[in-house]
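Number of protein chains: 2
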Amino acid sequence: MKRTNYAGRTNESQIGEEVVLKGWVAKRRNLGGLIFIDLRDREGIVQLVFDEKQDPAAFKVANECRSEYILEVRGLVRERAEINPDLPTGKIEVEVKEANILAKSQTPPFEVKDNVDASEDLRLQYRYIDLRRPEMMKNMKLRSKVASIIHNYYDNNDFMDVETPDLTRSTPEGARDFLVPSRLYPGHFYALPQSPQLFKQLLMAAGVDRYYQMARCFRDEDLRGDRQPEFTQVDTEMSFATAEDIQDMTEGLIKRVMKEALNVDVKTPFPRMEWQEAMDRYGSDKPDTRFGMLITDLSDIVKDSSFKVFSGTVADGKFVRAICVPGGADHYSRKDITKKEDYIKRYGAKGLAWVKVTADGYNGPIAKFINDLAAPINERLGAKEGDLILFVADSFHVVADSLGYLREKIAHEMDMIKPGQWNYLWVVNWPMFEYDEGFGKWIAAHHPFTMLNEEDLHYLEDGEDPHKAHAQSYDIILNGNEIGGGSIRIHDPKIQEKVFKALGYTKEEARARFNFLIKGLENGMPPEGGLAFGFDRWVMLLAGADNIRDVIPFPKNSKGIEPMTAAPGTVDQEQLDELHIDVKDDSENN
Amino acid sequence: MKRTNYAGRTNESQIGEEVVLKGWVAKRRNLGGLIFIDLRDREGIVQLVFDEKQDPAAFKVANECRSEYILEVRGLVRERAEINPDLPTGKIEVEVKEANILAKSQTPPFEVKDNVDASEDLRLQYRYIDLRRPEMMKNMKLRSKVASIIHNYYDNNDFMDVETPDLTRSTPEGARDFLVPSRLYPGHFYALPQSPQLFKQLLMAAGVDRYYQMARCFRDEDLRGDRQPEFTQVDTEMSFATAEDIQDMTEGLIKRVMKEALNVDVKTPFPRMEWQEAMDRYGSDKPDTRFGMLITDLSDIVKDSSFKVFSGTVADGKFVRAICVPGGADHYSRKDITKKEDYIKRYGAKGLAWVKVTADGYNGPIAKFINDLAAPINERLGAKEGDLILFVADSFHVVADSLGYLREKIAHEMDMIKPGQWNYLWVVNWPMFEYDEGFGKWIAAHHPFTMLNEEDLHYLEDGEDPHKAHAQSYDIILNGNEIGGGSIRIHDPKIQEKVFKALGYTKEEARARFNFLIKGLENGMPPEGGLAFGFDRWVMLLAGADNIRDVIPFPKNSKGIEPMTAAPGTVDQEQLDELHIDVKDDSENN
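Protein chains in written order, with my numbering: chain S, 1 to 590; chain D, 1 to 590.
Everything hinted at is true.
Here are the simulated DSS-like cross-link-like pairs (lysine-lysine), alpha carbons at most 25 angstroms apart as the crow flies:
no., chain 1, residue 1, chain 2, residue 2
1, D, Lys255, S, Lys2
2, D, Lys104, S, Lys507
3, D, Lys498, S, Lys104
4, D, Lys441, D, Lys468
5, S, Lys104, D, Lys494
6, S, Lys501, D, Lys104
7, S, Lys340, S, Lys368
8, D, Lys145, S, Lys145
9, S, Lys498, D, Lys104
10, D, Lys2, S, Lys255
11, S, Lys104, D, Lys507
12, D, Lys60, S, Lys494
13, D, Lys494, S, Lys60
14, D, Lys303, D, Lys318
15, D, Lys104, S, Lys494
16, S, Lys368, S, Lys318
17, S, Lys584, D, Lys584
18, D, Lys113, D, Lys27
Derived from the structure by calculation, the hints contain no laboratory data.
With the hints as extra help, turn the sequences into a complete structure.
And the structure:
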């Protein structure tokens, strides 16, 4: 029997027609003489009816069926006596004339339904059953659809789809490279790419002009919520393009994806927000603009306050900033606020000052110190009776991190985010360098190949402070999540040399690390730039999923294990011998 | 200046228009007061004219230019005094009004032109220069174009683009797996996939129904001519499909690729040739049908011959077969033929018997023994005066391999292959198993998940010989090259168990190796099958290239090294410590 269409696509226009359907038994009810089966395929569910009197052979087959058996049926589409409004096929059913069991199934380890209560590891171990759930199938279809739009969009805009190697070379930048021992060259290793960054720049040197790739990338990082050791990047690069050109091109893609995959119209151009403003007002380089409650600077108002914590902070050249939580006075108890104070200490905050706004002025532990400034503070914050004001007094980064965290947290707790918003925006004009406290040195805020703003080039000269420079880089943000980022790259080898110097490399170190890129720059590199999207995360947001693993067909779990195949696994000593490596007995250290 | 279009796309319709172009200086001629520059971008070349009198500033810039400098120009398109018929833009030139050097270049290590005489390693080391050559750029564009058609085709045929993991588990089948040591789990390794075979089968169990992926695959094999350790596979799988369904779907793709990428019409359906016929008549499981010279069996004619080599071979149940080389008598000397005889000894042939056909009967060392059979032999072979007949008498495989090799070799030497042919065909009905002389055991001819022909299922029963079974598998051949292959898969766990047994696995071994697949079969696996294309090789043939590295942007050389980044490389001991491995000092053994 040749299938006529997907079960889930059966519809009213086919009433009276004969159809052949194939799918999984999702549900089965035996009403004595009549059996109803919900037949499921990737497009949905349709109800089958087996009538013992009319079609005894088919009925017998239906009677043998159990959950998740695979069935093929030939039957007639007919109107349903009782319409099921929850089902797209709810107006019809199929009267089965002939049926065959194509495959049997053991009792599945968990039910194939949304909101299943199986543990994630069990779901991942039986991923092929988990993916049958309508929600998961919807995610996979969305992912495929978005990939299709991406290919189509770039293919039609003169981008060339170019593949770059997965077996490449580890750079000393690449702590966290996955390594692959070479069989032919003892003691030598390939590395899996953390991104195709240098390859795509060299493709611009090759004259490819416009490049894109759905690139698999690998990073052996410590695992956190939504990180995966392998992930997919929509990688693009354009020659002779300005940052604006690249942003426009990207917006065109997003607009199409939103329309074609979700039927949502988004307005372009997206807002461009300066990095400085994002940090000042949202306390984040990935600002969520779906709600207000902006961070407001009060340093000038409190600089002479008798509250020494505030005035002292300002005197030290630091900042006193606040957010005003509308209606927060009743919502949060003193105890709740103390918990939040404990939390923000991880950002380096020494404390969380707060007042509740009442008809009679401020209320709370510091009220008596700043009641005299209530009028200008309230005015600037737009605070009114019943609001809660949270202050942090500290350095720029501590204030931003602390209030940025509180702003987001409280918005979620108080349900301030109206659903259905798709706030895309660009964060632009990033600092070129940032100081890494951990390493105790300056590092590249994006990567060492990022071009400075033209007007900041003088900072690279002797006697100036290079760390004041800003970069021609940009991140694309969706609802407070960074989904991509990029920059114009350095194409002049002399500028690249100065940037390497600002990062603390000697000439020799730079050559040792990036020889092939430097040679590329010396052999005719056009001005160029690009952008990379985190495909998995973007699809997660588009799907409305809150776990990145729900949009990856076979993800690693939070421990880096893929439970279905039980990877990683042990291997034969013979294999290791061929690769000239030994497993070290360092068990004491682990 | 904003580019108006690619240099190579400038055309007559733009005469009189102002254009802005950006590209590389391909050639420069200074005629004193006039400079001509060929400006190259990925779309081609256009001639720029700089006139010292009219535009002295632009002329000065042109005067500074050297090969491979990057230039932006603003100018007017005008008719060319002397048309260059070899150039698509040969009727026009651009009178430059304004010019800037965007990047300088060192003297390139080799000239940017086709048929460059640089060594391949130098070309690969400076790949970004090598890829500027028109031929290489054409290959990259073709590759991108074909990828685009593939995405479009499968996306529009209800296939879902699903990504499978690159960090997966090594199976004991997987000698030649690339391994990736785990940092989190000492002594454990991920393996890079040799193909997504089991994942795609399990996606069918998940109900994906139609799957495709442009999948990166990895195989740590000994390197040969056109093998790369990483390669790209167009991977597909379909549920509820017959072998014919999958072949039809594939033909639809090929037809579109041939039309849209090469403007060639190919006729579908492609011929289906039985494996047995391919081996009997072409001596190959990837027959080249662009020329005749088929292998012909003469066993019945020579079985009573006085030439004991022939009659004895037939008496032993083996074969005497021949090819007739039209006009071969004059083309090949006795010495030439002896060389060929030496060559086919590597296939196990004990000798190469031959005769030249003259007006007076056969001529050559064995002529006197078989002149009596010349009439029926000539008749069957269609041999005539001036032809050369080559005989091999041996077992089925030795005869096929030897005559198959000679057939191909001679066709190339004698220029028998008319260019411009695109002979696609299917080789079907393969043996299920083949005996591996090296391992001394039966192995799967395709892979252990291939379904048998229904009528051969009985061979799996006790007391029968499973190795007689044929499989529902098929290879797709283009001009004598295998470009893809596939099969219907086993979806019944009982049949899979019997096949594992025929391959010599105990139940426990099979479980240990393929546990997750077996579980998948037990949990509702639909009847299904699929096909995988070798993308690199197909593009190579479409491009008319004879080296697979010429269609891979950054390939490994024939020693497994990628000369640009110098991968694989050494890594810090610290990185190895983190991965719990040591490099073994086995230098004596290497």
